[in-house]
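Construct the complete structure from the given sequences, taking the supplied hints into account.
Take the sequence shown: its position 72, counted from the start at 1, is 71 in numbering that gives the first Met the number 0, and no numbers get skipped.
For each label pair, taking beta carbons as the anchor points, the in silico distance ranges come out as:
#1 Met28 to Glu99: 20 to 26 Å
#2 Ser35 to Ser89: 21 to 27 Å
#3 Ala39 to Val110: 26 to 32 Å
#4 Asp42 to Asp73: 17 to 23 Å
#5 Met28 to Asp85: 23 to 29 Å
#6 Ala124 to Ser10: 15 to 21 Å
#7 Glu99 to Ala6: 29 to 35 Å
#8 Val72 to Ser52: 22 to 28 Å
#9 Ser10 to Arg98: 18 to 24 Å
Read the hints as simulated data drawn from the structure, not as lab findings. The beta-carbon is built from N, C-alpha and C at its ideal position, and this holds for glycine as well.
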Amino acid sequence: MTITASARPWSVLVVCTGNVCRSPMAERMAAAVLRSAGFAVPDVALVGSAGISAWVDEPMQPEAEAALAARGVDAAGFRARRLTEDLVTSADLVLCASREHRAAVVTAVPVALRRACTLRELARAAEHGPHCLL
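What follows is the structure, encoded as structure tokens:
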């Protein structure tokens, strides 16, 4: 069964430093998981990534591509992009590789405070419930 959108797609933005390793890997893996769970990507959910100091227009690092390929996830066509205020404000959830990335996101775009967390914080919330983020 595929779940389709009735309104604007729900969006996730993954943030790291260069946007050539961690965040694009998380972007592609999250999209693959959503598809395998029956979500129509990008109709229901959009997953993107950006870097605070991105290597703009660079492809994903070969090691990252190989790690994705080993898991059956396609890395084709990826190009790095720099984090912008528009990307952050349009995301429903901003997942950051580290606390430093989250701090940079929230400093640049204060309205993201309640929508930004680290991947570790998200994992903790998934394991223990959202109250652990409070």
